[in-house]
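K.L.:
Below are the chains, spelled out letter by letter.
Number of protein chains: 4
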Amino acid sequence: MIRFESDYQEGAHPKILEALAQTNFEQTPGYGTDRFCESAREKIRAELKAEVSGIHFISGGTQTNLLGTAMCLKPWQGALSADTGHIAVHESGSVEATGHKVLTLPNTLGKISAAQISAFCREHYASLTAEHTVQPGMVYISQPTEYGTLYSLKELKDIRQACNEFGLKLFVDGARLVYALACPENDVTLSDLARLADAFYIGGTKAGALLGEALVIRDAELDRSFRYLLKQRGAMLAKGRLLGIQFDVLFTDGLYREIGSHAISQAARLRAAFAGAGYAFRVPSPTNQLFPNLGEKALRAFEGKYALSFWEDAPGGKVMRACTSWATRPEDVDALIRDLPKA
Amino acid sequence: MIRFESDYQEGAHPKILEALAQTNFEQTPGYGTDRFCESAREKIRAELKAEVSGIHFISGGTQTNLLGTAMCLKPWQGALSADTGHIAVHESGSVEATGHKVLTLPNTLGKISAAQISAFCREHYASLTAEHTVQPGMVYISQPTEYGTLYSLKELKDIRQACNEFGLKLFVDGARLVYALACPENDVTLSDLARLADAFYIGGTKAGALLGEALVIRDAELDRSFRYLLKQRGAMLAKGRLLGIQFDVLFTDGLYREIGSHAISQAARLRAAFAGAGYAFRVPSPTNQLFPNLGEKALRAFEGKYALSFWEDAPGGKVMRACTSWATRPEDVDALIRDLPKA
Amino acid sequence: MIRFESDYQEGAHPKILEALAQTNFEQTPGYGTDRFCESAREKIRAELKAEVSGIHFISGGTQTNLLGTAMCLKPWQGALSADTGHIAVHESGSVEATGHKVLTLPNTLGKISAAQISAFCREHYASLTAEHTVQPGMVYISQPTEYGTLYSLKELKDIRQACNEFGLKLFVDGARLVYALACPENDVTLSDLARLADAFYIGGTKAGALLGEALVIRDAELDRSFRYLLKQRGAMLAKGRLLGIQFDVLFTDGLYREIGSHAISQAARLRAAFAGAGYAFRVPSPTNQLFPNLGEKALRAFEGKYALSFWEDAPGGKVMRACTSWATRPEDVDALIRDLPKA
Amino acid sequence: MIRFESDYQEGAHPKILEALAQTNFEQTPGYGTDRFCESAREKIRAELKAEVSGIHFISGGTQTNLLGTAMCLKPWQGALSADTGHIAVHESGSVEATGHKVLTLPNTLGKISAAQISAFCREHYASLTAEHTVQPGMVYISQPTEYGTLYSLKELKDIRQACNEFGLKLFVDGARLVYALACPENDVTLSDLARLADAFYIGGTKAGALLGEALVIRDAELDRSFRYLLKQRGAMLAKGRLLGIQFDVLFTDGLYREIGSHAISQAARLRAAFAGAGYAFRVPSPTNQLFPNLGEKALRAFEGKYALSFWEDAPGGKVMRACTSWATRPEDVDALIRDLPKA
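Protein chains in written order, with this note's numbering: chain A, 1 to 343; chain B, 344 to 686; chain C, 687 to 1029; chain D, 1030 to 1372.
No lab work stands behind these hints, which were simulated from the structure alone. Given the structure is predicted, the values throughout are model-derived calculations rather than measurements. A couple of the hints might just be wrong.
To be verified - Stretch-level coverage of chain A by chain B, calculated; a stretch enters the list once three of its residues show a Cβ under 8 Å from a Cβ in chain B: (1) 4-10; (2) 25-32; (3) 59-69; (4) 89-103; (5) 231-238; (6) 294-300.
Using N, Cα and C, we set each Cβ at its ideal position, and we do this for glycine too.
Using the sequences provided together with the hints, build the complete structure.
P.N.:
See below:
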């Protein structure tokens, strides 16, 4: 079985395992204060080309999202998110468990717009009973989105402006950021994110690390006591070096970019093949996730050979998700393309 | 510098790194449902020799403790703990962040007793204003304790009985359990813990894993929906295999026991040397942590050569903590013993 | 200005003020343990004609709702509610502040159905990633609803059955229950609610009390420690008698029924007048709230004379809410009817 | 039976009941926006003689305390309090239920000092593992304390200075403030509190109101969105006028001062009598609470005639609490004095 179900089904990029082995017996202090974490922070800062206050390494996406909302929001505030946003749908109520409501806006291809945010806030503050509803305190978006689509730099700047107008923090989930950055259609750089978001993260788990996300906090006030929160929510690893070493490797000699490029080029091959064979896509996603609408014929042809993940039912078949990653083998892509029937 | 500051200053036991490398390209489903996790669970169950409902792998100790309290307590309940308990002192208010108070009892050598628990509960329920105070809902202890001391089987059984009498859950923090189990003075087995505690965990982070604790839940009711909580608090790793592989290795061919024995034997050598040189100990701890009271002479002799961690000031010097682990090299112990001046 | 904006714009029914004055100097113990609370509980129990575990008096609706959800839900669970439900929209995220998500279902005239609940739960448990979403743990409905509509006994029984099938608690918000009970269209009695709901409440604030809701808890397990929660959330009044005296009066000599009947008969007069003059209603609500769709002509005619509350914009005008209550004066209704222009 | 058990065992001061009756049929908007609340706010502001941002009326003390801590603290912070503080002991973990730890300092006659606060903070920030413990974020004190003792203006100013030095908010629980203000020994005015505390409250429940506390928030930033929090925690009454009317009465024609003076003078008579008869006091409390140490003889003499509340066991007897209030009748004090045996 060749699996295209997700971008986290293998272990880690081999260079990461090598680095873990090489450094294994070095004794370091714990809790993210070791020299590997420091080195990784410096390398990331060099890529950001922008002033940020802190960089913190965290085990996974849900944890980073819940720390981000807990950090950004006052007790009576909620987080604006697309109704398809990961925090709105797939994190078991993690934001609510920190005491905050997720305020959903209808998505367009997984995205929300500055106009929607402004309209929501304007209506909120215009209401005579505003205090009987949840005050919007931040905007949560992800780049790329749940549907693999991208915010443009223009869209991001507009959202920032809306945030400024209504006193909202802007938090960007970058669990799959590696695949956005490598995408020809993308015009949002790490530096843009560092300047426009109050906090954002650079995903590691889905980019070849065993685990780990690098949370970048621009604002000094938010950053100052963040490590208390990190510890309080069980997110501060005793062997913090495990995360530092991995990000240090990812940001050495362009490995992070290389991982992204590889996945994007393999995704492009799959995309062209599906399109060429006459399949429609649920959304036009330019990143490492594809959502072809497959009929019975294709599903039967794949059975037992190629695993995609089920997304939703669709007229005449099923929308399936195919993912590529750092680990996708070109020969596996070749094989699927070869076996793909006409729609 | 030779470091005895903690038992988590190196990476992982080499066998763990080997296993990660060997399995690296195998594709698995995520979130702890892979074959490595299953295998690790089976091996742990075999050691437990007792019926338990579930075994879950979690990144670290604070996270496991907060999940445990959130799982065991009703909203108006608190956790009884020694005033030196990790949840009471060193977890940044993680239990309070889940909405619960830690109800502290004065420790004796890091321990609390069944008699203290019963007295607290009796007084609570006898009060006319019981409802104006926090209802005790669980007991939190650790084996070994923060001071490296051990509960005996008799003490543990008595605590279980007190819990039964007052409707309390019993949760045992086993972050350093490996070092209790390997200790000649210890008479509490894994099987005893599985039968006496509602939930307990087998520490990995301090026992040679990169990270990871194995939470064992006896009660079916507590276990049934635990994975929701795991996800909600950001504790469910996408690449859950990372934890499964490690525990699988630790519980293969007696590695877990071997790691414990090694650390305990090196700790015994240090203990004998300190005692022989005339040093007193803060507490008589039989496990992998020693708390010698060192004067200026010893502190100067160690300077720049041996790192211990500061514990507290004491008359005539400082109580320092020395830890051994799976990674402690006998020749490093030799060296320290050689350089240790008379008290 | 004659006000029909809400049912809580006056003080209290005169009999309540009389009782407060008469009992004022009697010394009682605090916290809801006084003889007035006891007497009120007995009178309510007599009306319920069903076995219930506890009756607790609470200051207001939002507080009762948040106590109810905190009591019913496990940490990883959420409350199913109509998307128009008070907890979903108008309580400032109070449920989320207790750590729980409100899971909304699309309403039909303010109501949700057993079929919707079952479908939601079936889909939830069928999902391979159920644990990545919020587990439904209870159903929240109100009688009457936000739109003044009523659940029939058949609908309520079906919801109870769906709750049984999926392990859900059923909580009924009865802030305006007095007006449902007095409604000719209603076939759900207090006794039905006591038997079908795990907990429900009998509103006082909108039924002539200064403040206060009587929460009825059927289940012994939920009730046992409820007073801890009551105190913990700041809902236990030192002078609990204030609530006891009021409910004692409301449930003496049928005052509660009388209050309901009066409001319903005045609402019926308004309803007939609006209908007769050619106005449509946003929803066909048989209780004390009416939602006529008023055009410019009517709005101008009312200006400065009759206050209704704005509900929403509508084609050709505005949907306005008119409420009657225990305090509505028939002559005020006469006046409005007299001044009501043809649509 | 003549009861001196607490200061909340009667209804309300007759002037309050009169005002409720007189205003009963006036129609007002809800939620604390009515003219009575406005009038009460103006009268309180006039007494404060200091710039404050907002005044909010809340049902009770526990609720006000939990709103205050939720308002003042960041998620990772805790509240410093005397170990005898009401939030530390008698509120069922209400602060913890908002996610925060109560950090206790040992009390001296119910009080904590600026020196203790500074020492705690200095030690906290000096620690290498500060982030593994709870960051102090505010100081909670009450005036008078649980033991009826008073902070002097000098002590309060010192505490304010310590708060400034370590970035702490200062919150003063004034549930019994009326009795402090009327006390000859007291040198802290309402105006001092308004200038020195970030927030404090003027108790109503124990000062002749049916219920209600007036929370005064000095800081504009804290005040701006406070009403969201008020609503979210179920503390915003629909008929907010009920609180407004009461505080309006209390602050009209010096009633608040009169209530305090009456209670203090009756307490002074009791104090002199107990002292004269040879009884010792648990603490030298100058306010409306006395804590005489009574032996068997006195307890028997009181049996069935005078009720005091049990405080704690003491050598040779029991410490009992006697309270006076606005409602204490001089002839009842006469009677007790007459029946008091020599110690």
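K.L.:
Hint by hint, note whether the structure agrees.
P.N.:
Status of each hint after checking the structure:
no. : hint    : result
1   : 4-10    : holds (count 5)
2   : 25-32   : holds (count 6)
3   : 59-69   : holds (count 9)
4   : 89-103  : holds (count 5)
5   : 231-238 : holds (count 8)
6   : 294-300 : violated (count 0)
In terms of the numbered hints stated before, the structure departs from hint 6 and from no other.
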